[in-house]
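Top line first, the protein sequences correspond to chains A and B. This note's numbering applies: residue 12 is where the first sequence begins, and numbers increase by one. This note's numbering applies: residue 4 is where the second sequence begins, and numbers increase by one.
In case anyone wonders, no lab produced these hints; they're calculated from the structure. Predicted model, so just to flag it, every value in this text is computed and none were measured. A few of these clues could be false.
To be verified - Derived DMTMM-like pairs: lysine to aspartate or glutamate, alpha-carbon spacing no greater than 25 Å straight-line:
1) Lys339/B / Glu16/A
2) Lys339/B / Glu144/A
3) Lys339/B / Asp148/A
4) Lys255/A / Glu16/A
5) Lys9/B / Glu16/A
6) Lys206/A / Asp148/A
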Amino acid sequence: MSLLEVDGVTVRFGGVTALERVSFAVEPGEIFAIVGPNGAGKSTLFNVISRIHEPEEGDLRFAGENLLRLAPSEVAGLGIARTFQNIELFEHSSVLQNLLVGRHRHRRASIPAQVFFAPAVRREEVAHRAAVEQVIDFLDLQPYRDRTIAGLPYGLRKVVEVGRALAIEPRMLLLDEPASGLSAEESGDLQFRIKDIRDRMGATVLMVEHDMRLVSAVSDRVLALADGRVIAIGTPAAVQSHPKVIEAYLGTEAAVP
Amino acid sequence: MRTALKTSYVQDIRLFPDVRRALRYAVLLALAAALPLLLDDFLLGEATNVLIWAIAGMGLMLLTGHAGQASLGHAAFLAVGCYANAILMERAGLPFAASFLAAGVITGLVGVLVAVPALRLHGIYLAIATLALSILTEDIIVLAEPWTGGVIGLVAPDITIAGAEVDRYGSPGLFYWLCLAVALIVTLGYRNVLRTPLGRAFVAIRDSEISAQAMGINVAMTKALAFGLSCMVTGWAGALMGHFFYTFNHEVFTVIISIQLLVMIVIGGLGSIQGAYWGALVVGVIPQAINIARDGAQAAFGGSVLIPGIETGIFMTLLIVFILFEPRGIHGRIEKWRIYVELFPLCRRDMFRRQKSFLKTERMR
Numbered sequence: 012m013s014l015l016e017v018d019g020v021t022v023r024f025g026g027v028t029a030l031e032r033v034s035f036a037v038e039p040g041e042i043f044a045i046v047g048p049n050g051a052g053k054s055t056l057f058n059v060i061s062r063i064h065e066p067e068e069g070d071l072r073f074a075g076e077n078l079l080r081l082a083p084s085e086v087a088g089l090g091i092a093r094t095f096q097n098i099e100l101f102e103h104s105s106v107l108q109n110l111l112v113g114r115h116r117h118r119r120a121s122i123p124a125q126v127f128f129a130p131a132v133r134r135e136e137v138a139h140r141a142a143v144e145q146v147i148d149f150l151d152l153q154p155y156r157d158r159t160i161a162g163l164p165y166g167l168r169k170v171v172e173v174g175r176a177l178a179i180e181p182r183m184l185l186l187d188e189p190a191s192g193l194s195a196e197e198s199g200d201l202q203f204r205i206k207d208i209r210d211r212m213g214a215t216v217l218m219v220e221h222d223m224r225l226v227s228a229v230s231d232r233v234l235a236l237a238d239g240r241v242i243a244i245g246t247p248a249a250v251q252s253h254p255k256v257i258e259a260y261l262g263t264e265a266a267v268p
Numbered sequence: 004m005r006t007a008l009k010t011s012y013v014q015d016i017r018l019f020p021d022v023r024r025a026l027r028y029a030v031l032l033a034l035a036a037a038l039p040l041l042l043d044d045f046l047l048g049e050a051t052n053v054l055i056w057a058i059a060g061m062g063l064m065l066l067t068g069h070a071g072q073a074s075l076g077h078a079a080f081l082a083v084g085c086y087a088n089a090i091l092m093e094r095a096g097l098p099f100a101a102s103f104l105a106a107g108v109i110t111g112l113v114g115v116l117v118a119v120p121a122l123r124l125h126g127i128y129l130a131i132a133t134l135a136l137s138i139l140t141e142d143i144i145v146l147a148e149p150w151t152g153g154v155i156g157l158v159a160p161d162i163t164i165a166g167a168e169v170d171r172y173g174s175p176g177l178f179y180w181l182c183l184a185v186a187l188i189v190t191l192g193y194r195n196v197l198r199t200p201l202g203r204a205f206v207a208i209r210d211s212e213i214s215a216q217a218m219g220i221n222v223a224m225t226k227a228l229a230f231g232l233s234c235m236v237t238g239w240a241g242a243l244m245g246h247f248f249y250t251f252n253h254e255v256f257t258v259i260i261s262i263q264l265l266v267m268i269v270i271g272g273l274g275s276i277q278g279a280y281w282g283a284l285v286v287g288v289i290p291q292a293i294n295i296a297r298d299g300a301q302a303a304f305g306g307s308v309l310i311p312g313i314e315t316g317i318f319m320t321l322l323i324v325f326i327l328f329e330p331r332g333i334h335g336r337i338e339k340w341r342i343y344v345e346l347f348p349l350c351r352r353d354m355f356r357r358q359k360s361f362l363k364t365e366r367m368r
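One chain only, chain B, in its complex shape:
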C-alpha cells in the first residue's frame, strides 16, 4: 500500500499525480510512437483507425461523459468536419494544416448552433433530437450535391506537410503519426479543461443543474460551450476519417456510426478520457477478432461461415453486459483492479458498491 505525501497545492493540479504514473504514460507514448516500426501496413492501418475513433470518442465523451448531454447525432458532426476539410482543401486550395483547423472550428460553430434549440431538452429528448439531426445530415449530404458530390461522394485530397506527402496508403507511418499527434494534443487539451473552472462547470451541470446555477454557473452557456468543444474535436476526427477512408459519400456517416460512438464510450467508461481510448480499441479489435474467428471456423468446418449482423450483435451484447455488470466501463473495471492491488490486502468487497443517493430531487432541474 502506498500513500501520497502532499506538500504543495500544485501537486493536486499537475497532469500526473506522481512520477510512476508519468513514467507509465511516457512508456505508453513511446510505444505508440514506435508502432510504425513494429507493425506491418495492415495492422498500422488498424492502429490508425483506433486513434481516429479515440479522437471522435473524446469529442463525444466531453459532451456525454462530462457535461452529461446525451447525443445520438455525432456522426453528423463527423460528416461536417470531413466534408469541410475536403472542400476547403479542394475548392479554396488551403493547405492541410489550415483546412484541418478550420474544419474543427466550423464543426464547433455548427455544434453551438445545434445546441441553442437543444438546450431546452433533457436526457432522452435530447438524444432523440440529435438522432433526428444525424438522419437529416445523410439527406443534406445527398441534396447539397454541388458541394458534397451527392451519392458519388468526394475523394480526399492529398496532404502535404512540410514537403512530405502524408498518405494513408503511400506513407501509412506518416499518416499514423499525424493521427497520433492530433490525439495527443486533443488529450492534453481535454485534460487541461478538466482541471480548470470550465471542466468543473461541465461536471456540475451534469450532476445538478439547480445547484450549478446557484454557484453562478450559466447553465445554457456552459451547455453550448460543451457542444462547441465536443463538436470541434469530433470535426477533427471526421477530417482524419475522410483521409483514412480516401473516398466517402453520404453512406459513410450513418446513424449507426452515431450509435456506435455512444456505445463505444459507454463500454470504455463514461466520464474518463481513458474510456474513449478503451472504447476505440474495442471498436477496432472486434471486427478483426470476428474475421480471425471466421477464418478459423472455415478452416475447421470447411465451407463458408458468414453470419449477417454478427458484428453489431456482439457490440450490442457487450453494451448490455457492461450496463448491467460494469456501468463504469472498461476504465472503471481497471481502476477497481488497480485500487485492489494498491490497497492489498485491505480492499473490502463493499468498497465499490454503488450507494443509493439520499433524497435526490428530480423536481427542480
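The shape of chain A in the complex, shown without the other chains:
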C-alpha cells in the first residue's frame, strides 16, 4: 500500500485554480521530488497535505487514513513533518528549544503534572533531550545548541528546521525547497543528508525543489507540475527529457511566419 495517496485534488483561490485534479502516490521508503516553474502549485500541494488549505475536491490518505478528516495540528501526530519555504523557526528560542518543540507529539504528562514538574515529567524531559541529541549529532549541530535562532546564518537555520522536523520522528518528511539560498557546499551536504534521512532514519521524503542537480542526484521519482496540473511523473531522467516539461520551463518555439 502506498504511504501517501493524493487522489484528484483540486484547490481554487477565488477564480484561480492552483491545483487541478492532481493525483499521485508516494511509496514507503521513497525519495519523491516535485518540480515545476514558479506558480505551478507546489507549495499549495504541501499546504494541502499539512491541512492549511482545504481542497475543493479530491481525497488525501496517509497510510490508509483519511487526512481530510484531521485538524491541521493532528497531522504531525500521524508522523508527517514539514519544513517551510521561508523558514518558520521560533526566532527567540535556542536551537535546543526549537528541536524540543518537535518532540511535542511524544509528550505524555498531564498539565498539572507539568506545572508541578512531577518525577514522570522529569524522566520524560530527559528522554526528549536524549532524542533531540541524536538529531543534533545527525546534523552536526553540536556547536549551536544554545544559540538563539535570531543570531544564526541562513544556511544553519535551514538545517535547524530540518532538525526540528526530524525530532518529530516522522514517517514522512516534507521538505519545501530545502536547497534554496544555500551555497554549493551546503547544497552538497544536503544531498547526503536527504539520503541519510531515508536510509538511517527510515523516513519517506517528499520534497519540492528547483535545483535539478540535487533532484536528479537524490530522488527515486519526480513529479512535474505546471499550472496546477501533473504533466509528467517518473524517474528524474525521464521527467527532465519529457517534452511537456521542457515546454513548461522553456516555452514552445514561436511559429515562424
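Fit chain B to the given chain A structure using the hints.
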C-alpha cells in the same frame, strides 16, 4: 570567563544552571523572608505591594511575554479574583485557604471563557477586545450590586490561618509572608511550566503559529490554556490586593490598572519571570520616589509643589524610553551586563545587536 561543563541531560533541565546561581537566589529569598524584621510597617507595606504587583505581573507575563497574546484587560481578572475571594469568604463562610484557591480557579475559568471568542483575534485587535472587557467590568461591578456592594464596595474579611490572624494593619509581617509564599509558589510553577512541553508550546505559538501547528500543537487550545493559567495567577493577585486595600469598589480595578500592568512587564522585560519582579519594583518605587522628591522640593522652595499626573507621566515616559532603547527591559539590560562581565574582555559591541530576520512571512499565521 567561565565555561559550563555538562555531563548529564539533567543539567539542562534543573531549576538553576549552576550552584552559584542557586546560592544567589537562596540569599535573595533569605533576605526577602527577613524583611519584616528589618523594615518598619510603612516600608513593609510597600514591599507587600511590590510582591502583589509581581504576582499579577507574572500572570500577565505568561500570557503576553511567553504566549504572545496582548491583553489590556487584566484589571478585569484582578477584580474577578478579588471579589470572588471576598464573596466566598463572606457569603459562603469558606476559610481563606479554600476561598483563595477557588478565587484563582474561578478567574482561570473566566479567562478561558473570554479566550474562546478572543482566539480569532491577533495582536492589536486582541488588545482592543480585552480593553473593552476591562471597561465593561467596571460597569458590571456597579450593576451587580447585591453581590459586589456596587459603588460602596466591599470590605475584605479577616484572614485566619492556623489560628493566627493575618491582617494588613494588625500583623503586617504575617501578611507580607503570606504574599511572599504565594509569589514563591507561583514563581516555581511558572518556572516549571517553562521547562516542559506546555511552556515550549506557549513560546511556539508566540513566534510562529503556522509552524507550531505543523509540530502538532493545537493553537486554539494552547491559547485558551495560556489565558486560563494567566488569569488564575492574576486572580490570586487580585484576592491578595483586596486584602491589601482592605476596602475596594469599582474604582479600584480601572483600565488604568490594566495599562499599568502591561507597561510594567514591558519595562521589566517581556519574556522573563524576573521581568515581572523588576516591573513591580518600578511600579512600587516610582510613587514613593515622587513623594520624596516633592517633599525635598517643598523644603527647598517652600509652598506646595503639586504637579497633577506626574506619576502617569513619568511611567509612560519610562515606557517610551525602554521601547526605544532597551526593548528587552530591565531584565534584558541586566543580562547584557552579566554577559559582558562573564565574557570580559571578549565582549564585542555587536553581540547584542538585533538582527533582521530573513524573509519572515506574515502571510500565513
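TODO: Would you pick out the hints that fail for this structure and give their numbers low to high?
DONE: 1, 2, 3 and 5
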